[in-house]
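**Student:** Chains A and B supply the protein sequences, listed in that same order. Residue numbering for the first sequence follows this note's numbering, beginning at 1 and increasing consecutively. Residue numbering for the second sequence follows this note's numbering, beginning at 1 and increasing consecutively.
Check the hints yourself; a few may be wrong.
To be verified - Taking lysine-lysine pairs in the DSSO-like style, the calculated list, with each CA pair at most 27 Å apart, reads: (1) B:Lys102 - A:Lys382; (2) B:Lys102 - B:Lys73; (3) A:Lys382 - A:Lys559; (4) A:Lys382 - B:Lys73; (5) A:Lys526 - A:Lys578; (6) B:Lys33 - B:Lys73; (7) B:Lys33 - A:Lys526.
By construction, these hints were calculated from the structure, which means they are not laboratory data.
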Amino acid sequence: MIVELGHFALALALALALAQSIIPFIGARSNDVALMRVARPSAITQFLLVAFSYGALTYAHIVSDFSLVNVIENSHSMKPFIYKISGVWGNHEGSMLLWVLVLSFCGALVALFSATMSDKLRADALSVQGLISAAFLLFILLTSNPFARISPAPWEGRDLNPILQDPGLAIHPPLLYLGYVGFSIVFSFAAAALISGRIDAAWARVVRPWTLLAWIALTLGIAMGSYWAYYTLGWGGFWFWDPVENASLMPWLAGTALLHSAAVMEKREALKIWTLFLSILAFSLSLLGTFLVRSGVLTSVHSFASDPERGVFILAILIFFIGGALALFALRAGALPVGGLFAPISREGALVINNLLLSVICATVVIGTLYPLALEALTGEKISVGAPFFNGVLMPIALPLALLMPIGQMLPWKRGDLSAALTRLRVAFLIGVMALAVFFASYGAPYLSVITASIAIYLIVGGLSDLFQRITFRNSGPSAILMRLSHVPLSALGASIAHAGVGVTLLGLAATGWGVESVIAMAPLKAYEVGPYQLMIEEITPRQGPNYSEIYAQMSVQKQGVTLGRIEPAKRFYQTRKMARSEAGILTIGLGQIYAAVGESHPDGTLDARLYYKPLVTLIWIGALIMAFGGACSLADRRLRIGVARRSIALRGGEAAT
Amino acid sequence: MRRLYQLALGVFLVFSASASFAVTPDEMLSDPKLEMRARTIAAQLRCLVCQNQSIDDSDASLARDLRVLVREKLNEGLSDAQVLDYIHARYGDFVLLRPPVKLGTFLLWASPALALIGGGGAVWWNLRRRRVALSVGATLTEEERRQLSALGAKGWSQDQSPSAD
């Protein structure tokens, strides 16, 4: 019964989403406040309905209701409880429902936290948001119903894919979706601005918190997924330039560009049209990513063509929203007033360069991802575009961008002095060059790692230089420094921290070149050298888990006879799906990690193992956390809080009236 | 992350079924230098039955066959480029993770440069337009002009505007 109610709630949500997209829109055109105000309650109710529906599906998974096809295919009565919950989104239907849940959640957030926004802007934005919801709800109900029943119901389910039975999966998709779908709000506001033909700094102030929120979630989501791959896949890789990964990177790049151009627009009223374009682009790329992953077009162009129902549906949604928004943009953007002026050497100029380089990187990722699909569809020719292409092509763009980041921070708005900015960065340059010497002396090769690591150090120091100089202005005591620190605008603090975070990640990436790898058949009770450490198998033992059995090797990690810790790499076998999966053993030592994965065991008692020492590897993800923290600082800036934005609009209105 | 994504989003692939264990000790070469070269080559070759996985990372049996083949060829004394050419000739463009530069892939390889030139051109054009607007806004009055020439600035004429910088 609960399941049927969940299904029904989804249908109701669709009806409500349609109403939400039509009624407030008509109200905004005819200046009917009553009609415009339909938007808020319908957005909130729509979220509650989708949440109920999602709850119903979760309930079915928890109680192992095997009359549901979705539960049979992705669950098992013996599956651990947490994976019964996370397994809800570990499949096509459930993950689409999560997508819509997050989408309606975002709509509800706008409805709740827009008390101070103008009725018209809110009505238009929520009406676009409602239209997106309606499209995806229709998609679920018509092609991907998670509530389909089957009779007779089997006694047992087929279990969730073992590779998804991991705590990482419990966090990764919701974060990623919050990022993806968070950009839908920005998209809706952009569409609303284009519909009404009004856009100003106040608009940027309304939109920037949502951009930040989506960006933070996407940053954390990508980092989480990357760490998950790192410890689950068993060879310590963390990024593969796979189309599905690129699908999440594309909106992140566009979103990063958007954050920066929105800053220009908010401060200086410049780059309005470009900011609008990026607002549309960020969500368009999220939709493109959804299409790539959901339609099956990646597995094979042919499988897409032979079972096109879902793919074509999403493609239609994609074309409707991207095409519609771009058409609106083409019609209206020309009529928007040109914003503030600035000299090429200025903060604005630097942010334009930032946007240019980020856009080039983004375009390259998009083209590299779609090219093989397009080429095969057009000529039948099959090519592969993999890591060697992306690394080779993007490095020459990304490294100069990293070099320019601190310089941009040092330039003042409107018109700047390049030599003054460079002078303020002399400490960062000096430390960067010293780092180059130190890394070269201690590691030598590979050169790319040495250079990248030095740029990373420069980026960390340079990113924090602005902050440091702000608070230590003229020699003064610690109390004065603390006082100044408390007066630094949080958005400037956030920018410094986030830029330093990019440097930290870059350092972690550079250090991968200094890792040590050893692939060997390990004999028990014999120590093997891995970098500065020795690994020894103490014991190989079988163990029984709830829905798997495993053989794990207890290994000790030693340095000069001192045991630093023990790891337990294992090889698991999941009975129901007859699938094996390796469970890496990881010991974090300082910022580096010892990483071990085990494979086949041999009759002579040896065990195949891959042993790694990865210096500074944790910095890759720590950097992402720092970036997200910087974003959170910026989000907390009082100028960006929605209420404050409104008060300043009110103030402007007052000024205009006098 | 790739796996998670594919699977979380429902694209279930057969190859992801087994535990990832790519290169195994028994197939490795005893000469560490040669083995190092084999690993570098393997990282550039695609496992043909997998999705965007190099043969070095894949545990599919076909990937294993290719790894062994690469090592055989290295043992025969072929250079890295020769081994790559040999595999390329046998398996086609699809096996190379770095696509070859040719007519069909020209746009792909040119895309970053084209994007940079196109985007850079658009930025330059826009900045120039702004600068013109800026200088028009900064036109001096007749009085200021007279004062300026009195101060010794030469060459200012009625129809010339000072540039923005």
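**Student:** Quick one: which hint numbers does this structure break? Sort them smallest to largest.
**Tutor:** The structure breaks hints 3 and 5; every other hint is satisfied.
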